[in-house]
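These are the residues of each chain, in order.
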Amino acid sequence: MFKVISDLAKVNEATQEILAKLKDFNLSNDCLQDIRLSFEEALINAIKHGNKFNKNFSVDCNLTVQGNSIIISVRDQGQGYDYNKIKNPTLDENLERKCGRGVFLIKKLMDNVSFNKAGNEIIMQKKISRHDACRGSR
Amino acid sequence: MNFEIKEKHLGDITICSIAGEININTSLNMRKGFEKLACENSRKIILNLGSVSYIDSSGLATLIEMLQRVKRNNGVMRLSNLSEKVSSLFEITKLDKLFNIFSNEEEALKNF
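Residue numbers (this note's numbering), protein chains in the order written: chain G, 26 to 163; chain R, 153 to 264.
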């Protein structure tokens, strides 16, 4: 587990830490990009909406491997959010909205996404397929 | 920062080739580059995204903002040369319905 200060300038550093942890898995670039995008979206949400840029608050990030899955969790110190309230950004009336795509993208790019009861933690699962490992090792 | 915009003009058409990542850290640079275009009153714009390796939701939001500004100015903005990965993000988010997307610059230039 590692902590990230609530500063958007720290996002890249945190991403590099996650990618370094994934180095030994020989994942395809496609798979790595899905994980990177999902992690960054979750971290940015945590810094912006969860911790509201309060640098006294940090974001807890964790990466574990369970069987054939990579599990990444991102938890802020905010009040929590009801993720059921997020509007579907793909509906015609929401297409031109400039926000509200982060969690939607995470749900599309990861295999399983859940939230804790308080609504201040997102848990993202990505299954590692043999195909991924082969493509990554080329 | 891994981001660059190069601009060229073909008659009244402005082609902006963007390279690098369009993310929360580079969106501001892109917006600034676009302010310049707005000042020049460009109404026909092609964004060549062929060298864009990564777009996040704030990058998508910046592109939407740019499109809205061009439309308000009675202009047209087209996207071209999207990589498979970037293209898939437009499909997933259904933004391919909002933007005019072409496979390459030549196609984007047709009937402009």
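No lab work stands behind these hints: they were computed from the structure.
Incorrect hints may have been included.
No more than 30 Å apart at the CA atoms, straight line, and that leaves these computed lysine-lysine pairs for BS3-like [what the hints assert, rightly or not]: (1) Lys123(G) with Lys160(R); (2) Lys223(R) with Lys237(R); (3) Lys35(G) with Lys152(G); (4) Lys133(G) with Lys28(G); (5) Lys112(G) with Lys249(R); (6) Lys237(R) with Lys35(G); (7) Lys184(R) with Lys237(R); (8) Lys28(G) with Lys196(R); (9) Lys246(R) with Lys152(G); (10) Lys73(G) with Lys196(R); (11) Lys160(R) with Lys184(R); (12) Lys152(G) with Lys237(R); (13) Lys237(R) with Lys112(G); (14) Lys80(G) with Lys223(R); (15) Lys152(G) with Lys46(G); (16) Lys246(R) with Lys112(G); (17) Lys160(R) with Lys132(G); (18) Lys249(R) with Lys110(G); (19) Lys249(R) with Lys132(G); (20) Lys237(R) with Lys262(R); (21) Lys249(R) with Lys133(G); (22) Lys133(G) with Lys48(G); (23) Lys112(G) with Lys142(G); (24) Lys223(R) with Lys112(G); (25) Lys237(R) with Lys48(G); (26) Lys73(G) with Lys237(R); (27) Lys188(R) with Lys262(R); (28) Lys133(G) with Lys237(R); (29) Lys184(R) with Lys80(G); (30) Lys142(G) with Lys110(G); (31) Lys73(G) with Lys110(G); (32) Lys73(G) with Lys249(R); (33) Lys77(G) with Lys246(R); (34) Lys184(R) with Lys77(G); (35) Lys196(R) with Lys123(G); (36) Lys237(R) with Lys188(R); (37) Lys246(R) with Lys133(G); (38) Lys123(G) with Lys158(R); (39) Lys110(G) with Lys246(R); (40) Lys142(G) with Lys132(G).
Which numbered conditions among the earlier hints are violated in the structure presented, ordered from lowest to highest?
8, 10, 14, 17
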